[in-house]
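A.B. asks: Make a model of the complete structure from these sequences and hints.
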Amino acid sequence: MDTKPIKYGRILIATDDSECSKKALQHGHHLATIMESSVALIHVIEPAAPTNYGADPLMGQQPIIIPETTEVQEKNAKAMLDEISKEFNDVKEVSTFCRIGNPKQEILTVAGEWAADLIIMGTHGRTGFDHFISGSVSESVTRRASCPVLVVPGKC
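In the working numbering, the protein residues as written are 2 to 157.
Derived from the structure by calculation, the hints contain no laboratory data.
Don't take every hint at face value.
What the hints assert, rightly or not - Here are the simulated PhoX-like cross-link-like pairs (lysine-lysine), alpha carbons at most 20 Å apart as the crow flies:
{"no.": "1", "residue 1": "K23", "residue 2": "K105"}
{"no.": "2", "residue 1": "K76", "residue 2": "K24"}
{"no.": "3", "residue 1": "K24", "residue 2": "K87"}
{"no.": "4", "residue 1": "K8", "residue 2": "K93"}
{"no.": "5", "residue 1": "K23", "residue 2": "K87"}
{"no.": "6", "residue 1": "K76", "residue 2": "K87"}
As the list claims (entries may be wrong) - The calculated label-pair distances, taken between Cβ atoms and stated as ranges, are:
{"no.": "7", "residue 1": "P6", "residue 2": "E72", "range": "40 to 50 Å"}
{"no.": "8", "residue 1": "W115", "residue 2": "T34", "range": "17 to 27 Å"}
{"no.": "9", "residue 1": "E69", "residue 2": "P6", "range": "41 to 51 Å"}
None of the values given here were measured: they were computed from a predicted structure.
Even glycine gets a Cβ: it sits at the ideal position worked out from N, Cα and C.
C.D. replies: Spelled out as structure tokens, the structure:
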């Protein structure tokens, strides 16, 4: 067994402004400080679902997506990432990624493009029916990631 210490030079931290992700940010900040790592923060906005507002399906009118909703979400997400990145001022380098899409896929895509050595994310710890309905982003990322994934439970 190799006794050389493992160093994570590039840590990707997923955040969604929940208590779970705040704990993941704390762990990520601590590790990045100790290991003198670069950090990337990612927030993924799920695309707005089409709405029937202003459309009548009986008349053959299609549901619409209100683009302003996504623009407002993106603006708020970027502001959140900017605020969080200020807390990482003692870290070697901080990058931010705001993506629109499927959180599972976007986290994996950014991890690959940015060449992350470690992904850190929180988990809500849902079980049973809630887990079945919503799925688990952290579970899916852990199964498909090409680098280690640290999942921080919201209860710790």
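A.B. asks: Run the distance test for K76 versus K87: straight-line Cα separation, threshold 20 Å.
C.D. replies: Status holds; Cα separation ~17 Å.
A.B. asks: Is the Cα-Cα distance between K76 and K24 20 Å or less?
C.D. replies: 23 Å, violated
A.B. asks: Take the C-beta atom of P6 and the C-beta atom of E72, compute their distance, and say whether it sits inside 40 to 50 Å.
C.D. replies: 45 Å, holds
A.B. asks: Mind checking the alpha carbons of K23 and K105 for me, to see if they're no more than 20 Å apart?
C.D. replies: 18 Å, holds
A.B. asks: K8 and K93 were given as a pair; does the straight-line alpha-carbon distance stay at or below 20 Å?
C.D. replies: 14 Å, holds
A.B. asks: K24 and K87 were given as a pair; does the straight-line alpha-carbon distance stay at or below 20 Å?
C.D. replies: Since the Cα atoms of K24 and K87 sit roughly 16 Å apart, the hinted pair holds (cutoff 20 Å).
A.B. asks: Per the hint of 17 to 27 Å, is the separation of the Cβ atoms of W115 and T34 within bounds?
C.D. replies: With Cβ atoms ~19 Å apart, the hint holds.
A.B. asks: Holds or violated: K23 and K87, Cα atoms, limit 20 Å.
C.D. replies: 14 Å, holds
A.B. asks: Just tell me: holds or violated, for the beta carbon distance of E69 and P6 against 41 to 51 Å?
C.D. replies: 49 Å, holds
Consistency with the previously given hints fails for number 2 only.
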